[in-house]
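Residue numbers (this note's numbering), protein chains in the order written: chain A, 37 to 304; chain B, 131 to 467; chain C, 432 to 888; chain D, 355 to 803.
Calculated directly from the structure, the hints in this document are not laboratory data. Just so you know, not all the hints are guaranteed correct.
[Said to hold, decoys possible] Taking lysine-lysine pairs in the DSS-like style, the calculated list, with each CA pair at most 27 Å apart, reads: (1) C/Lys752 / D/Lys609; (2) A/Lys191 / C/Lys592; (3) A/Lys212 / A/Lys191; (4) A/Lys212 / C/Lys592; (5) D/Lys521 / C/Lys752; (6) A/Lys191 / C/Lys464; (7) A/Lys191 / D/Lys521; (8) C/Lys564 / A/Lys191.
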Amino acid sequence: MGLIIIVALVGMALLAPVLTVPNTPDPAQMPRDWGALNEPPGTPGHPLGTTTSGGDVLYGLIWGARTSLKLSVIVVSITVIIGTIIGSLAGFLGGRIDTVLMRIVDVFLSIPELIFALAIAAVLGPSLRNIILAIAAVFWVKYARLIRGQIIHVKQNEYVDAARVIGDSRLRIYLKDILPNSMTPLVVQATLDMGHVVLIGATLSFIGLAEAGLAEWGVLVSEGQTGISAGRWWVSLFAGGMIFLWSLAFNLVGDAMRDVLDPRMEGR
Amino acid sequence: MQVRDYVARRLMILPLLIVGTSIIVFALSRVGGSPIAIYLSHEMTADEVAEIEERYGVNEPLPVQYLAWAAGALRGDLGWSGVSSAPVRQIFPKKLAASAELAVAAGLVAVALGISLGTFAGARRDRWPDHFARIFSISGASMPVFWFGILLLILFWVILGIAPIGRSDPGVFARIAHPTGVYTIDAILAGDAGALWDAIWHLILPAITLGYGTTAIITRMMRSSLVEELGEDYVDAARAKGLPERIVLRRHARRNALIPTVTVVGLSFGFLLQGTVVVEIIFRYPGLGRWLADAVLRGDRATIMAYVLFTSVLFLLINLIVDVLYAYLDRRVVLGE
Amino acid sequence: MTALGVTSTAGPSSQVADYVISVRGVRKHFPIKEGVLQRVTGHVRAVDDVSFDVPRGKTVGLVGESGCGKSTLGRVISGLTDATEGGVYFRLSHAAKDRLDELLAIPEAERSAAEGRELAEIDRAHRIDALGKDRWREYRRNCQVVFQDAFASLNPRHLVKDIIGRPLRIHHEASGTQLTERIVDLLESVGLGSQHLYRFPHQFSGGQRQRISIARAVALDPEFIVLDEPTSALDVSVQAQILNLLHDLQEQRGLTYLFISHDLNVVEHMSDRIIVMYLGQIAETGPSEQIFAAARHPYTEALLEANPAVEGGARAVTRLKGSVPDPARPPQGCRFHTRCPVVTSQCGWEVDDAVTEAELRDSGLDGLSGVSRQSAFSADLTFETEAQAAAFVAQLQAQETPEPLAAALTELRQTGTDVSVRFQPVVPVRLERVGPDQLSACLLHTGQQPAAEAVAR
Amino acid sequence: MSATDPTSPASMHSGTGPALAERVPLVSVEGLRVHFTSKRGVVHAVDGVTLDIGDGETVALVGETGSGKSVTAKSLLRLIPRPPGVIAGGKALFRSKMPCPGCRGAGCVDCGQTGRVGEPCTACAGAGCGVCGQSGRSTVDLLTIPEDELRDIRGNRIAMIFQDPGKALNPALTIRAQIAEVFAEHRSDELVSEAGLDDESGRLLRRAVRNRGRFFERRLGSLPPLRSQRRRVDAVLDGRIVEALADTRIPNPVKIMRSYPHELSGGMKQRVMIAQALACDPDLLIADEPTTALDVTIQARILDLIGELQARRGTSVLYISHDLSLVRGIADRAAVMYAGMLAEVGPAEQIFADPLHPYTRGLLAAIPTPGMGRGRLAAIEGTVPELIDPPPACRFHTRCPHAATACARTDPPLAIRQPPDHRAACLLYDDAAEVGERPEDMPDRSAAS
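Please construct the entire structure, taking both the sequences and the accompanying hints into account.
Here it is as structure tokens:
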């Protein structure tokens, strides 16, 4: 179920240039049709209607998927890599390095994530790139902590002792025994975050931290919001629905993965 | 470790964390542009700019600037709020009262609803209440808060035309005094039932919007920890004593399942805080969140810094309380790193 | 394979190695951290001054209840944990062992420079935590471990082929098709076959997993294997299969075993010598038939009596009371004295015992508000009321108080709300020879007279 | 059932009429089947177990991991998790006892000093009828009675102790609270009357004591008039709890009562479990590997304790264990389970001295014993078969040294091989004709003597 939605949405993102005529010069910007403002769905040429500034909703939704894919893939891959490196250093080496790194992590975790990302993005100025930077700056901490905990846990397994007994080196034990066995919850978390990142990104752009007119779902919801009192519900509804679908799909898959991979659930 | 030692240790680390957080906040104000940009304009001469720089001390070395700022923050001087055209310390309490009212209302409902729904679902594992709770919690976790708010608005305001916007009816607002700034409490103090109803009426939709995600998280946690506890031997032992299922659930399983849920309740406070930003935008609710959103759009760094600093310290304190509570509740827990 | 084994063991230190492992004065203390600053406030003395030898080709059994330190000792010997004090020596000859004991018997302060150098030399050649890189590698090849939980000791993400092939690859013993052949040989030697090469550990039963662990342990043709409760997690019928396998491998390859277990029957079946541990120390050691036929230490006797046997016979009447004391504060004198059925007044009674005794009664310790302790044998207790202090004294003077405890009390005096408790100081008992090749640490049969020397402490 | 079906195993015990009612077993398990659904098919965890437990008797149910011994025990109290477990068939008849009318529970000649006698059947007042299977004793089928009747039996007439006392005690409740539950659930009337309270105010209190109170009732209980009475009940309850703990030789029960499980040692926790189980003087104690998690010296004392308390109270014990060597010392009768079925049942001494089933023989030979010296043990080769939809066959034939063609296709009956009641399920002792096999396919008897 979740997987089907993911395939559909990602397919839509990848095929965006085929499904629509890309806007020039920047296809990530919605094309403006100044002759058709606030058109309801079903208008010829604008099957899902237009925004207050004449943006085509369908184009926004399709290219918004591309934006979301870009956002989530970049943020998740950067944060997983940084988090794994820092968490490994702390968990595997332990001692003072661990204490210092974990205090830094604690400081980062003491600021609620959306507010932190919001503040960073605000300081950097409104753009998608800055949103990506801001979310990445906040998210790596979670992975660092997760990986560290996992490594400390996995390190106690007897197969690590067994590898020491046959005389393997510390680095190889880390690479062959500890890290691979620590990754499962990280993979689950990364999957969940593919959805979560888009949710936060959309919130930031909803508040107004993306470029105006960007083909992005949060921007669309924000643009549509002003027309709600006038009964123009479609822009916000469709765009918000896409965010919901995207995030729901990754949550479903992440949850299913957790159930399958969680050793505690074995035999239940 | 004893619970007492653990608490003492946490209290010792707390100032460290607060200082760390304040450094981050300070760093934020110095990244990507001058902190005084909001006071400058194109017409100013270099001398005028230099004078402003001098006045705000921005040509000093960064550590000195930090110390000056931190000392000010300790005294309660959080700078000048550009968006409100007033000192931050003056505006802050009013906004805080508004947001606190909203967040507490949402939080209470979320905790009560989440725990009961989670218990109900966990006790009926793999039957329809469980499936319902799963759909409820997964969609709650995936729901963009702003979209959910808009959906409610479309339904209750646009279609049914019954939901209010803002924080209170202007007439009612003028009728009573507002000593606390928390309108429900103000209404009770004034003994005005109409005003109380008005305050609650304006709270309902924003609180539901804000609380949904949190309810979903608590439901999910409660459900899974209850399922886990129900698989423990002591639950079978309780059944083997002849206790009715209701008491096995209430006295044994739920009590232990609540322990891990406590941590989530603490964390979810962060969700509530950050959720106020969008909820207040959508419902035109004049609280901290909307203030922050305005500040963000206008590049008003003093306001942003004050807000981030305040929420982080609050968040730290709440998590401290939760951890201590957890340590106290869970007698099995091995305290320490 | 055997040929390879010979070349690998042919180092200068192995020519006359009569003892594969010699443990000398090993202690392993784990710090207990407490308080706000996590200061070290005490130590759990998991292993506390243990010495013994493991002769080549023999099996030494290490037996004791949970928490006696047997597994920690196994980890120290296999080099997985560093000892806090003392040393583990690898491949000593008779002569070297005797010389080492002579040198170690000299207190460090009185050692001459030459003796110190000689000791350092032995350390460099034999002591596992002082070995050079090559020697250490050789030790690593020759000392292997089989763990209790075969599931936890096999990496769940590795194929059987990789698990068993790993030691061979690390030590550059084989590669390519030759490696696969070696692995198949090993699998066959533990009763599995080439059909199992490409499977994951979770696809096997408990017994088969333990076979895989054993195959990995013998892959490098080691001299010595630490078997840490290898069959505790297995059912009886499978346990017998594994014990037989271990037995066969020992005969084929001339292995030396250290067999750690809590199961007396299994240890007796497997071992030439048995070491009985209690609270981090050796209570008794000797040839296994002798331990079973003529145990001398009361703890060994109690263990044997509690040991259920299929072979019928009346069940013993004497039972140990209480449970194992906290290893962070082991009892004075003989560590077993708190539970010993034949305890005397000389065995190490101390203030803690008096307090524990009173605690067992319904109101013996009510109102205890302060303790000022001069030594383990002497303290003043303060109670809230005089009546409570009197109750404490009365409890200790009551009939139920064990007679040896009462007899060991040199002073029990109440002044107001204070009670001063004094016992005669006693030193720990030592292992003494009680028969040919049998050592036991008990006052009763060794005739140690501790009272006089104790004053010096 | 005994009168109508003379081949039923229970008939050996039950005699023929009410006159022999005292010899009727306390529990008769007949053809118990418990299945678990799994992705790969239905697992026949227990596949037709028939077993009697007599009054005051200790029966040991022995088997290796996965043999179904724990499932058998748990299904007697219907503690099998459902789903995935399901009780697929069979009966578990339970004939509860009551205080001896002759001595009011003090112990006399009539009741053999145990103070308890069988409860007469309510339908026929002990004359013997269809309801009680002609036994004359009140009989219920534990597998089918309504949930609330079963609850009256659980903890009261049948109690259970678990393998790991660390897990079977609720970590969040004090020892007092956990033992109090048993008394409150089953002895609330006694508690209220012992506290000297009349029926009127007692009714509400009883509900409060049993935790049945609605919200407002609970508030009411904390108000002055009821509060003092409640305190009196609590004092009586405390007395009972201390007594129960003291019975298990726990030193300083008052202090133990106030502690939490994690503050006690393993042996102490198991004593608490025993105190809790025996609190209501049950007729049957199910002990599911009660000493497996404990050290030998502690184990020995726990076994002594169970034995002693059992002898004093005339309780029957169903002792589940994987350890044959343990069983010999404590059990009157032993039942050996293999792969969901009983392989052999009989007097414990006889099973150890003269085991009949090849599996029992193999097990006994596989245990190293003092004095047997070094060398190889007689291990049973191979592994336990899968229990997913098993075909009719001896479950042990894949590992049996005597296995013959017939063993792979015929289910051997659990018949008496050595009178009076030593049974074994093995074709070695059957006539080819009786089981419908050709003689040449039967296992070779001469090899097995």
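Going down the list of hints, with the structure as the test:
1. C/Lys752 / D/Lys609: Within the cut-off at roughly 19 Å; holds.
2. A/Lys191 / C/Lys592: holds, 22 Å
3. A/Lys212 / A/Lys191: holds, 12 Å
4. A/Lys212 / C/Lys592: The hint holds at about 15 Å.
5. D/Lys521 / C/Lys752: holds, 24 Å
6. A/Lys191 / C/Lys464: Roughly 21 Å between the alpha carbons, so the hint for lysine 191 of chain A and lysine 464 of chain C holds.
7. A/Lys191 / D/Lys521: holds, 26 Å
8. C/Lys564 / A/Lys191: The given pair, whose Cα atoms are some 24 Å apart, holds under the 27 Å limit.
Every hint, counting from the list given before, is met by this structure.
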